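Chemist: Each chain, letter by letter, is given below.
2 protein chains.
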Amino acid sequence: MNVHLLTIGDEILIGQITDTNSAWMSRQLNLRGFRVTGKSSVGDTQEAIIHGLEQAVSRADVVIMTGGLGPTKDDITKKTLADYFGSEMAFHQETYDRMAAYFARIGRQLPAAASIQATQPVQALLLTNKAGSAPGMWFERDGKVFISLPGVPFEMEYLMAEEVLPRLADRFPGKPIAHRTLLTAGEGESNIASRLEAFENNLPANVKLAYLPSLGQVRLRLTATWDEALHPDAGVQLHTLLENKAAELQALLPDLVYGYDNDSLQQVVGRLLEARRLQFGTAESCTGGYIAHLITSVPGASNYFPGSIISYSYEMKTKLLGVQPQTLVRSGAVSEETVREMALGALDALGVDVALAVSGIAGPDGGTPDKPVGTVWMAVADRRRTTAEKYIFGRDRLKNIQLTATYGLNLVRKFLLA
Amino acid sequence: MNVHLLTIGDEILIGQITDTNSAWMSRQLNLRGFRVTGKSSVGDTQEAIIHGLEQAVSRADVVIMTGGLGPTKDDITKKTLADYFGSEMAFHQETYDRMAAYFARIGRQLPAAASIQATQPVQALLLTNKAGSAPGMWFERDGKVFISLPGVPFEMEYLMAEEVLPRLADRFPGKPIAHRTLLTAGEGESNIASRLEAFENNLPANVKLAYLPSLGQVRLRLTATWDEALHPDAGVQLHTLLENKAAELQALLPDLVYGYDNDSLQQVVGRLLEARRLQFGTAESCTGGYIAHLITSVPGASNYFPGSIISYSYEMKTKLLGVQPQTLVRSGAVSEETVREMALGALDALGVDVALAVSGIAGPDGGTPDKPVGTVWMAVADRRRTTAEKYIFGRDRLKNIQLTATYGLNLVRKFLLA
Chain A
1 MNVHLLTIGD EILIGQITDT NSAWMSRQLN LRGFRVTGKS SVGDTQEAII HGLEQAVSRA
61 DVVIMTGGLG PTKDDITKKT LADYFGSEMA FHQETYDRMA AYFARIGRQL PAAASIQATQ
121 PVQALLLTNK AGSAPGMWFE RDGKVFISLP GVPFEMEYLM AEEVLPRLAD RFPGKPIAHR
181 TLLTAGEGES NIASRLEAFE NNLPANVKLA YLPSLGQVRL RLTATWDEAL HPDAGVQLHT
241 LLENKAAELQ ALLPDLVYGY DNDSLQQVVG RLLEARRLQF GTAESCTGGY IAHLITSVPG
301 ASNYFPGSII SYSYEMKTKL LGVQPQTLVR SGAVSEETVR EMALGALDAL GVDVALAVSG
361 IAGPDGGTPD KPVGTVWMAV ADRRRTTAEK YIFGRDRLKN IQLTATYGLN LVRKFLLA
Chain B
1 MNVHLLTIGD EILIGQITDT NSAWMSRQLN LRGFRVTGKS SVGDTQEAII HGLEQAVSRA
61 DVVIMTGGLG PTKDDITKKT LADYFGSEMA FHQETYDRMA AYFARIGRQL PAAASIQATQ
121 PVQALLLTNK AGSAPGMWFE RDGKVFISLP GVPFEMEYLM AEEVLPRLAD RFPGKPIAHR
181 TLLTAGEGES NIASRLEAFE NNLPANVKLA YLPSLGQVRL RLTATWDEAL HPDAGVQLHT
241 LLENKAAELQ ALLPDLVYGY DNDSLQQVVG RLLEARRLQF GTAESCTGGY IAHLITSVPG
301 ASNYFPGSII SYSYEMKTKL LGVQPQTLVR SGAVSEETVR EMALGALDAL GVDVALAVSG
361 IAGPDGGTPD KPVGTVWMAV ADRRRTTAEK YIFGRDRLKN IQLTATYGLN LVRKFLLA
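Respectively, the protein sequence lines represent chains A and B.
For the first sequence, the working numbering begins at 1 and goes up steadily by one.
For the second sequence, the working numbering begins at 1 and goes up steadily by one.
To be clear, the hints were calculated from the coordinates, so they are not data collected in a lab.
Please note that a few of the clues may not be correct.
To be verified - Covered stretches of chain B (in silico footprint by chain A; criterion: 3 or more residues with CB under 8 Å from a CB of chain A, positions within the stretch not fixed): (1) 17 to 25; (2) 305 to 313; (3) 316 to 326.
Computed from a prediction, not measured in an experiment: that's the story for all the values here.
Glycine included, each C-beta is placed from N, C-alpha and C at the ideal position.
The whole structure should be built from the sequences, with the hints applied where relevant.
Modeler: Here it is, written out as structure tokens:
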């Protein structure tokens with residue numbers, strides 16, 4: 001079953017917003033075995049929308065539209081769809097009541113346009129939007145399905161998860177499909193691929209391995225599909241097959257795999273700390289607080305994270321972390337000696353059990369022939385031992401900060417497991 | 001002149017990557033008066049690429065393709081384009097030499113596929129890619145232009161800026177257009193719009209105002225176009241008109257406008273600090289280092305930023321920032337008293353001239369009837385005065401962190417200007 005995603009709205013065409021919806025939708029559809037064969041974007045005019053719909057449906061079974069349902073633009077998309085499907089428009093009391101309740105709940109006045117917004121094409125199956133005001137719409141014609149959703153990401157995500165995906169699974173019952181993603185940090189795609197060559201060559205035909213790289217991390221997604229006629233045990237067998245293959249994969253990369261599916265490195269580190277009842281803090285120079293930000297982006301981080309010291313200057317390194325001035329003079333701020341002293345100093349200053357310290361040259365300036373831009377030292381310490389590592393990343397300031405955070409969190413993870 | 005953007009690659013269709021290229025390209029094209037009338041994405045097959053091209057060119061004068069030129073996929077897109085334009089392929093020595101020099105410079109081995117990559121359709125004008133290895137291609141047929149660029153963002157951006165945009169401006173000389181963007185923080189779109197109603201109603205027909213909202217900020221973009229036949233002074237006159245209108249706009253929103261065009265709030269705050277030779281630091285609870293991260297994402301931040309203290313726990317607030325234990329007991333960590341003491345404590349602990357302190361309930365848990373999730377107190381202090389404000393944001397943890405950072409930096413800006 002092929003899906004086409006159609007985004008409606010001038011704000012996409014003028015580049016005012018980046019379309020993150022369609023990548024999210026693609027992943028969700030893919031995970032359920034629906035294939036996205038095309039995406040397109042059109043402006044807010046009847047002519048453009050109809051042209052986009054016709055091109056989309058010529059090659060897909062399902063067209064999912066997003067956008068064009070906001071309070072100011074409501075009329076064009078909705079009326080265009082009503083015209084396209086030859087449907088009358090009628091006031092829909094339930095939608096109106098739901099909008100009134102929604103606006104009351106968020107403490108805002110019901111917009112004057114509410115009754116216009118509650119007027120819907122009678123031929124559409126309305127999809128109840130509990131995350132916002134405009135309902136989604138589901139039309140069918142000639143065996144094809146047309147779905148219209150609001151463009152606000154969390155409203156679209158709510159409607160996809162609660163209404164669209166379950167209905168599509170009913171409407172187009174497919175072959176069983178299952179996924180398992182292993183998360184790795186600290187090694188590049190090509191080096192991982194060479195370690196997995198034999199594993200990949202021996203995979204059964206119905207299991208695929210995909211490499212999904214991002215900055216300093218590679219996700220490895222195993223996908224198993226059931227190619228024969230429906231079988232009552234298909235789901236269980238696929239699940240077992242995938243678990244076996246995931247275990248094999250993990251055994252091949254014990255040093256790299258840190259988690260599964262929707263984990264993040266900061267969540268995994270947080271869970272390790274919490275399970276061991278350890279308090280953790282950071283002493284950050286070049287990352288300027290970014291590692292602490294990642295740690296505290298996880299709800300409940302206060303259970304294991306009391307705080308951090310960001311020591312951007314020499315003086316803060318000596319005053320707040322107790323780094324010896326002669327260490328800085330002798331070895332410089334970006335050195336093994338300095339990050340070791342920073343990590344040990346953070347244990348005392350923050351009163352924590354484990355500390356991560358990083359110091360590097362984020363760029364774009366500040367490099368020397370000895371220590372080019374991108375050079376980063378990091379250390380992890382507890383009361384018994386300290387471990388330190390050096391990396392040379394690239395020239396881009398923000399990427400260097402992000403890479404340092406990823407490698408630093410991974411160093412903490414390995415330290416905790418050692 | 002109408003442009004269609006066509007992205008090629010399965011990685012977009014499966015949602016493995018979010019397409020940020022086309023929003024960037026749209027903005028750049030728009031700024032020069034070229035209109036993007038459609039966008040679409042197709043997979044890596046000859047059939048899909050040709051179908052995408054035919055649909056695109058049916059409604060546009062220029063089709064800009066990105067993606068499909070990487071070392072592993074090179075063949076399909078390039079061969080498809082050669083077939084589509086009836087062009088032979090030939091080895092291109094200059095491209096090969098450039099690739100060899102590029103790989104030597106980044107210290108990697110020239111890939112085995114280099115000579116395949118250097119084989120190009122002879123009918124294409126090759127666009128030299130100094131940011132990577134694969135050149136862009138420019139084809140013309142029946143008065144329409146077809147451009148193929150690599151999908152790697154910085155390679156695409158290089159080729160757009162250095163090759164594509166100047167050539168398009170020559171090929172489709174347009175009417176003069178000019179833009180000026182005013183950046184505001186701390187007020188919502190609808191409240192700004194009501195303050196600007198008379199201004200908008202009195203704008204000349206050739207000047208448009210666009211609202212570009214993001215989290216806690218709204219950018220106001222003025223665009224002036226020259227509607228008549230080319231006139232030697234058109235550019236100068238447009239510039240003067242825009243500057244006058246921008247000055248009027250700023251005078252209407254003196255409390256909200258913080259900068260122009262590509263500024264960011266952290267850059268503006270940094271420039272103010274540097275100009276006044278002030279040292280600045282933060283004491284962060286709920287933002288967990290995110291404000292320091294924004295400050296240090298600006299190159300050269302070490303000139304005015306020595307460090308920060310992230311005090312996530314009660315103990316860190318008392319131990320590192322000198323908050324009185326009885327203040328925490330009496331008023332709680334999220335209170336005016338606490339953030340005032342945190343800001344004053346940061347002045348001493350960090351030895352800075354100005355400090356920002358924030359404390360709030362980021363969520364999703366931890367709210368009370370008194371202090372719901374999203375409640376944030378913030379204070380800015382120097383040696384003479386302290387100012388504090390309270391906000392109630394929403395329920396989303398990451399949005400609360402980002403909004404706190406934006407409002408906090410804006411509070412510092414206003415404090416410095418007061």
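Chemist: Next step is simple, just say for each hint if it's right about the structure.
Modeler: Right, here's what the structure says about each hint:
With 8 residues having a beta carbon nearer than 8 Å to a beta carbon of chain A, the region 17 to 25 of chain B meets the requirement of three or more and the stated coverage holds. Counting residues of the region 305 to 313 of chain B whose beta carbon lies closer than 8 Å to any beta carbon of chain A gives 9, which reaches the threshold of three, so the coverage claim holds. Check result for the region 316 to 326 of chain B against chain A: holds, 3 residues qualifying (beta carbon to beta carbon below 8 Å, three or more required).
Against the hints set out earlier in the document, no violation occurs for any number.
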